[in-house]
Amino acid sequence: MAEQNDILEEHISSEYKYGFSSDIETETAPPGLSEDIVRFISAKKNEPEWMLEYRLKAYRHWKTMEEPRYWAHLQYPEINFQNIIYYAAPKQKPELKDLSEVDPELLATFEKLGISLEEQKRLTGVQSNIAIDAVIDSVSVKTTFKEVLAEKGIVFCSFSEAVQEHPELIKKYMGSVVPYTDNFYAALNAAVFSDGSFCYIPKGVRCPMELSTYFRINTSGTGQFERTLIVADEHSYVSYLEGCTAPMRDENQLHAAVVEIVSHKNAEVKYSTVQNWYPGDKNGKGGIYNFVTKRGICLEENSKISWTQVETGSSITWKYPSVILKGDNSVGEFYSVAVTNNYQQADTGTKMTHIGKNTRSTIISKGISAGHSNNSYRGLVRINKGAKNARNFSQCDSLLMGPLCGAHTFPYIEIKDKSAVVEHEATTSKIGEDQIFYCKQRGIDTEKAIRLIVNGYCKEVFNQLPMEFAVEAQKLLAVSLEGSVG
Amino acid sequence: MLSIKNLRAGIEGKEIIKGFNLEVKAGEVHAIMGPNGSGKSTLSNILAGREDYLVSSGEVSFNGKDLLDMSPEDRAREGLFLAFQYPIEIPGVSNINFLKTAINEIRAYKGLGPMEAKDFLKLIKEKQALVELQGSLAGRSVNEGFSGGEKKRNEIFQMAVLEPTLAILDETDSGLDIDALRIVANGVNKLRSADRSFIVITHYQRLLDYIVPDFVHVLYDGVIVKSGTKELALELEEKGYDWIKKEVVEA
Ligand SMILES: Nc1ncnc2c1ncn2[C@@H]1O[C@H](COP(=O)(O)OP(=O)(O)OP(=O)(O)O)[C@@H](O)[C@H]1O
Ligand SMILES: [Mg+2]
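The listed protein sequences correspond, in order, to chains P and A.
With positions in the first sequence counted from 1, the corresponding number in our numbering is that position plus 13.
With positions in the second sequence counted from 1, the corresponding number in our numbering is that position plus 150.
Hint data in this document are derived by calculation from the structure and do not stem from the laboratory.
Everything numeric in this text was worked out from a predicted model, so none of it was measured.
Errors might be hidden in some of the hints.
To be verified - Derived pair list, reagent style DMTMM-like, types lysine to aspartate or glutamate, alpha-carbon separation capped at 20 Å:
{"id": "1", "chain 1": "P", "residue 1": "184", "chain 2": "P", "residue 2": "246"}
{"id": "2", "chain 1": "P", "residue 1": "443", "chain 2": "A", "residue 2": "371"}
{"id": "3", "chain 1": "P", "residue 1": "443", "chain 2": "A", "residue 2": "173"}
{"id": "4", "chain 1": "A", "residue 1": "376", "chain 2": "A", "residue 2": "173"}
{"id": "5", "chain 1": "A", "residue 1": "250", "chain 2": "P", "residue 2": "460"}
{"id": "6", "chain 1": "A", "residue 1": "260", "chain 2": "A", "residue 2": "294"}
{"id": "7", "chain 1": "A", "residue 1": "260", "chain 2": "P", "residue 2": "246"}
{"id": "8", "chain 1": "P", "residue 1": "443", "chain 2": "A", "residue 2": "216"}
{"id": "9", "chain 1": "A", "residue 1": "268", "chain 2": "A", "residue 2": "239"}
{"id": "10", "chain 1": "A", "residue 1": "395", "chain 2": "A", "residue 2": "371"}
{"id": "11", "chain 1": "P", "residue 1": "443", "chain 2": "A", "residue 2": "202"}
{"id": "12", "chain 1": "P", "residue 1": "472", "chain 2": "A", "residue 2": "173"}
{"id": "13", "chain 1": "A", "residue 1": "250", "chain 2": "A", "residue 2": "219"}
{"id": "14", "chain 1": "P", "residue 1": "461", "chain 2": "A", "residue 2": "239"}
{"id": "15", "chain 1": "A", "residue 1": "260", "chain 2": "A", "residue 2": "202"}
{"id": "16", "chain 1": "P", "residue 1": "461", "chain 2": "A", "residue 2": "173"}
{"id": "17", "chain 1": "P", "residue 1": "461", "chain 2": "A", "residue 2": "201"}
Said to hold, decoys possible - Here are some chain A residues pointing at chain P (derived, C-beta under 8 Å):
{"id": "18", "residue": "200"}
{"id": "19", "residue": "226"}
{"id": "20", "residue": "255"}
As the list claims (entries may be wrong) - Per the computed footprint, the stretches of chain A lying under chain P, defined by three or more beta-carbons under 8 Å from a beta-carbon of chain P, are:
{"id": "21", "region": "215-224"}
{"id": "22", "region": "314-325"}
Cβ atoms here follow ideal geometry from the backbone N, Cα and C, with glycine treated the same way.
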């Protein structure tokens, strides 16, 4: 269809909106990784001895590991880990009292991204009711609404700050869900992680607002290695949002984050991500390598962890937000929309490990591939022996747009307890010419038709997102995809 | 309203419409009948602007404009509506959302802003009553899991909401039970007006008892071979198509 190809062309060539880079004064470490660099990072952050020890152990372990290359459905050139800058931070005074002390260029950057670091006092009612931790390159620059949250005993701050202020919590929980021995990138992260967010919800507290971390890679040649740790104590609830963007660059930049969630008895954590790292240009040049380890543990009974992700960015995504269902009656959920276009590659999915009795998990995965991209779902549902009456429902749908892209599904199921009930459904469909024509006949043009159809396809996942995020996600999807039908 | 002159068109190198002529004036109802495969759906698809079909010659003017020159969405925005023989499912997109998008696109084309939410809801309620469509159907995803008859009724509902000037109903009656047939026909009749025209494609005279046409045409092998009034439909019902085919061969 000539017309559709035109629209496709137009959209593929449409610019990545967040591709600007900002002229912020930064301080960077020399490229390359060694014990000295690890020490340098730790010293920069004035870390206590135990933290440095942890980093060094992780680094030494990492050196013994091999880069995982072949098991995922991904192709990319070898990464030279000695070419990466492991530390870059906006140069500014530590401990900012208020926004007036923040580099104006930096504030402008966030303004451009549509994120306000001003604490909008909730006058208009609907205005920002989200507390934000903004992380640029490697460092958390500003956390909003800290005081309001502190009144309830909620800790929401940068990881570095938590290391200083709440060492007992960090020592107790850091690495308890994702140990540094877990995998190559988790080890790398543990050695060099620069910052990230920490959040602790005390017993019986329902967090009154969405907590959000906004990640931004700015400096060229850097890797971003942030760490997020969320702990929900008994009977507590928190909804957490993560967003991210990066400038357009011809090089590939590495992002290797670790996110750990601990959900205690009767606690619930909802973690939503809208991932919009720079995906590379239409020929596949540049873009972020997004190699992330995200895992939560439902530690005690009746706890719940829910991951929702909308993945539209990155040149390569390698990510499996998982839940260990240890407590009896605990619940794990994974809702995912992964979109790939041009030469993007995504290998994403989840792992649900059922240990406790009556544990339940739900997996809803929607893959959308367009252009020359490749999109794989990889999931593991494991029911351990003794996990009586465990249940899982998985649904993995793939939507293909055009003849040149690929969709793959790798569902693995391991059942060690006979009482388990595991259901798996999978579909692959194409956006139909028929559907588009039907819309056009009602006066809706191709672009809007695709938006409508794709949003409909993703509805179950978008329904899980907080309102503002859902709207954002829909827009993002529209930008990454419109007109990609060939 | 609609004027088709000497239209020739086909698909994949095969000519299906072979010199078709039709004049539809404002307010008229034309019925098109004809054996399976004679080109009725092809004709409606071509009028609606389906890109797969290639028009080799002929002219179609719609309200004074060159229809063939317009994109499918512009044809719809200009007031052409096709009730599909096989309505399409769009999972996850509610009927309401679908119609809201459609209405606002059509309004934008006419230079109007989006319709107010409360006006839209009122419109939906009113039209739902017109075609006796259950509220639950309006809220469900477009045609997803609808029964054959429900899909057809939903087409008429959409037509009622979008208020076209020319509606082409491609076998909307097939698959409808007797009550639904009456309801759909009533809906159409209520929408009949001096400035709205219909082309009703059907195999059954029965529908034409309810929607009484001004003209009946028989399409055979891509051309209209006979035209008449509603009595022609009765004659066809009685005698089938053989006598017409014979006439064509003899001519
Ligand atoms: N995509 C296509 N490729 C090849 N032939 C086609 C295609 N679409 C339609 N045809 C042919 O064109 C002819 C007319 O088909 P059309 O669907 O218009 O008939 P119809 O009059 O609507 O029939 P029915 O009463 O069964 O609905 C048929 O012979 C059909 O096989
Ligand atoms: Mg037909």
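Against the structure, the hints:
Restraint check: the Cα-Cα separation between residue 184 of chain P and residue 246 of chain P comes to about 16 Å, which is no more than 20 Å; the hinted pair holds. With a C-alpha separation of about 33 Å, the suggested pairing of residue 443 of chain P with residue 371 of chain A is violated against the 20 Å cut-off. Restraint check for residue 443 of chain P and residue 173 of chain A: the C-alpha separation of about 39 Å exceeds 20 Å, so the hint is violated. Of the pairs offered as hints, the one joining residue 376 of chain A and residue 173 of chain A holds, with about 14 Å between alpha carbons and a cut-off of 20 Å not exceeded.
The straight-line distance between the Cα atoms of residue 250 of chain A and residue 460 of chain P is roughly 16 Å, inside the 20 Å bound, and the hint therefore holds. Under the criterion of a C-alpha separation no larger than 20 Å, the hint pairing residue 260 of chain A with residue 294 of chain A is inconsistent with the structure, at around 31 Å. The straight-line distance between the Cα atoms of residue 260 of chain A and residue 246 of chain P is roughly 57 Å, outside the 20 Å bound, and the hint therefore fails. For the proposed pair residue 443 of chain P and residue 216 of chain A, the alpha carbon gap of about 33 Å is over 20 Å, so the pair is violated.
Using a Cα cut-off of 20 Å, the hinted pair residue 268 of chain A and residue 239 of chain A is violated, with the two alpha carbons roughly 27 Å apart. The suggested pairing of residue 395 of chain A with residue 371 of chain A holds, with an alpha-carbon distance near 10 Å, which does not exceed 20 Å. At most 20 Å may separate the alpha-carbon atoms for a hinted pair to count; residue 443 of chain P and residue 202 of chain A meet this at roughly 18 Å. Simply put, residue 472 of chain P and residue 173 of chain A have alpha-carbon atoms about 45 Å apart, too far for the 20 Å limit, and the pair is violated.
Taking the CA atoms of residue 250 of chain A and residue 219 of chain A, the gap is near 26 Å; set against the 20 Å cutoff, the hint is violated. As the CA atoms of residue 461 of chain P and residue 239 of chain A are separated by approximately 16 Å, the hinted pair is consistent with the 20 Å bound. Note on residue 260 of chain A and residue 202 of chain A: the hinted pairing is violated, with a Cα-Cα distance of about 28 Å set against a maximum of 20 Å. About 34 Å separates the Cα atoms of residue 461 of chain P and residue 173 of chain A, which puts this hinted pair outside 20 Å; it is violated.
Taking the CA atoms of residue 461 of chain P and residue 201 of chain A, the gap is near 18 Å; set against the 20 Å cutoff, the hint holds. The interface hint given for residue 200 of chain A is met, as the beta carbon of that residue sits about 6 Å from the closest beta carbon of chain P, less than 8 Å. Checking residue 226 of chain A against chain P: minimum C-beta separation of about 4 Å stays under 8 Å; hint holds. Below 8 Å, beta-carbon pairs count as interface contacts, and residue 255 of chain A has one with chain P at about 5 Å; its hint therefore holds.
For the region 215-224 of chain A, the stated coverage by chain P holds: 3 residues have a C-beta nearer than 8 Å to a C-beta of that chain, and at least 3 were required. Three residues within the 8 Å Cβ limit are the bar, and the region 314-325 of chain A against chain P gives 0, so the coverage statement is violated.
Checked against the numbered hints above, the structure violates hints 2, 3, 6, 7, 8, 9, 12, 13, 15, 16, 22; every other hint is satisfied.
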